[in-house]
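Once you've looked at the hints, dock chain B against the given chain A.
Protein chains in written order, with the UniProt record's numbering: chain A, 1 to 220; chain B, 1 to 220.
Hints may be right or wrong, so weigh each one.
Chain copies aren't distinguished; within one or between two, either way the pair holds.
[Stated by the list, open to error] Straight line, CA to CA, 30 Å or less: simulated DSS-like cross-link-like pairs of lysine-lysine: (1) K191 - K160; (2) K191 - K146; (3) K90 - K198; (4) K146 - K49; (5) K58 - K74; (6) K160 - K198; (7) K198 - K146; (8) K160 - K58; (9) K74 - K64; (10) K96 - K64.
No lab work stands behind these hints: they were computed from the structure.
2 protein chains.
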Amino acid sequence: MRARSKNSQRESQQGTQDVATREQLLIAAGELMAERGVSDVSLSDIAIKSGLNSALVKYYFGNKAGLMIALLRKVLGPAMLQLHHLSGMKLPPEEKLRIHISGMVMIYFQYPYINRLMHQLLSDEPDTFGSLIAQEFSAPVAAVQKHILDEGFAAGTFRKIDPLLFYFHIVGACDQLFFGRYQLEHVFGIKAINNQLKSQFIDHLYSVVLDGISATSKEP
Amino acid sequence: MRARSKNSQRESQQGTQDVATREQLLIAAGELMAERGVSDVSLSDIAIKSGLNSALVKYYFGNKAGLMIALLRKVLGPAMLQLHHLSGMKLPPEEKLRIHISGMVMIYFQYPYINRLMHQLLSDEPDTFGSLIAQEFSAPVAAVQKHILDEGFAAGTFRKIDPLLFYFHIVGACDQLFFGRYQLEHVFGIKAINNQLKSQFIDHLYSVVLDGISATSKEP
Numbered sequence: 001m002r003a004r005s006k007n008s009q010r011e012s013q014q015g016t017q018d019v020a021t022r023e024q025l026l027i028a029a030g031e032l033m034a035e036r037g038v039s040d041v042s043l044s045d046i047a048i049k050s051g052l053n054s055a056l057v058k059y060y061f062g063n064k065a066g067l068m069i070a071l072l073r074k075v076l077g078p079a080m081l082q083l084h085h086l087s088g089m090k091l092p093p094e095e096k097l098r099i100h101i102s103g104m105v106m107i108y109f110q111y112p113y114i115n116r117l118m119h120q121l122l123s124d125e126p127d128t129f130g131s132l133i134a135q136e137f138s139a140p141v142a143a144v145q146k147h148i149l150d151e152g153f154a155a156g157t158f159r160k161i162d163p164l165l166f167y168f169h170i171v172g173a174c175d176q177l178f179f180g181r182y183q184l185e186h187v188f189g190i191k192a193i194n195n196q197l198k199s200q201f202i203d204h205l206y207s208v209v210l211d212g213i214s215a216t217s218k219e220p
Numbered sequence: 001m002r003a004r005s006k007n008s009q010r011e012s013q014q015g016t017q018d019v020a021t022r023e024q025l026l027i028a029a030g031e032l033m034a035e036r037g038v039s040d041v042s043l044s045d046i047a048i049k050s051g052l053n054s055a056l057v058k059y060y061f062g063n064k065a066g067l068m069i070a071l072l073r074k075v076l077g078p079a080m081l082q083l084h085h086l087s088g089m090k091l092p093p094e095e096k097l098r099i100h101i102s103g104m105v106m107i108y109f110q111y112p113y114i115n116r117l118m119h120q121l122l123s124d125e126p127d128t129f130g131s132l133i134a135q136e137f138s139a140p141v142a143a144v145q146k147h148i149l150d151e152g153f154a155a156g157t158f159r160k161i162d163p164l165l166f167y168f169h170i171v172g173a174c175d176q177l178f179f180g181r182y183q184l185e186h187v188f189g190i191k192a193i194n195n196q197l198k199s200q201f202i203d204h205l206y207s208v209v210l211d212g213i214s215a216t217s218k219e220p
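Looking at chain A on its own, in the form it has when it is part of the complex (with noise of 0.2 Å):
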């Protein structure tokens, strides 16, 4: 490092400076957005939370827009490298679905504010953000989708299943949970979903699909 020219370590500092700012300006916009909602996050509350000038949001992001899918990226960015991983793991299908389920389930749980992200970025600007959130999240779990189901076919384990109705059961299912909250609690008199729950609600989706999409289960 000491071959370095002063010019490009001040660069280096100030690379890492951005990289902490933008760090600190996402970390206080995911904690508005679980305590509030997306929608009631402004970007001087950002500002304020964060303890930084709200002009540093449009020097880093451009607007809200840019910032929530920053914020979407870095959220989505593991699970979606975990993902691509579970295609090519040495597992039998049964066990990639579940891990795959496990992992939808546990992702909402940890960000709840996901789905209302998404779907404030397609309300608001659905040419732009459409295909951006499609290609970027929707499609590799659709692929993986796809894959599970293909090996559960060959090896005889699932029946033939239909990678696009299944993508919309098992996403609609894994997220209601969190996405119909007020449901949760007005209906059941649940106020917070706790670990207790969530595992439930795994276990309940993994048995329920897997027996019905077994090779043994009755054909429709």
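Relative to chain A, chain B alone:
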């Protein structure tokens, strides 16, 4: 009717006129929401579309939220009544399950804006609408599902299933094909949901869920 006073005749005519005007406004609101999404529809849009004065929206519904609740009641009313009858019908539990899943998907197919409408209301005024929507629309669904699950368990057809987990599984799955229409377009290249896709989705959900909760399926 001849015995009626002129006053009560006038009141009755006024009542009929009120119903017709309300209906005209609700139809215009529903058509606009189906065309361009819930959040992009203003009171003056509704006035223009219906050919009526926007002051009438305020007169009949108070505000946009009032009109949205009235629209929900109008489009979901008949389905809630059918759902209520379903519990008491002399049919095997698996047939009731098929009618229920099919009915839910048909409603989302016919009124794809319903879910966004509910979530807009919940997000705008959670304290006012959270309990109203849950009690009027979600609780009856949960109650009928519990009834069907209980009947199926008593008959030895279904295994023991937690009604709360089942509720979120079914509602989320039925809704996602319609709510996630950007994924449908950008991941699967399908611009609109036709009758065939709707029927395939119903068949898929019903067969997977029925086999998944069947008493003969493997326990988790």
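For each hint, the structure was consulted:
1. K191 - K160: between (39 Å within a copy, 25 Å between copies)
2. K191 - K146: For K191 and K146, the Cα distance is within 30 Å only across copies (21 Å; inside one copy 35 Å).
3. K90 - K198: within (27 Å within a copy, 36 Å between copies)
4. K146 - K49: So K146 and K49 fail the 30 Å test inside a copy (42 Å) and across (44 Å) alike.
5. K58 - K74: Intra 18 Å, inter 44 Å, cutoff 30 Å: intra-copy only.
6. K160 - K198: both (29 Å within a copy, 18 Å between copies)
7. K198 - K146: both (25 Å within a copy, 20 Å between copies)
8. K160 - K58: neither (49 Å within a copy, 53 Å between copies)
9. K74 - K64: Within one copy only: 15 Å inside a chain, 36 Å across chains, cut-off 30 Å.
10. K96 - K64: neither (36 Å within a copy, 47 Å between copies)
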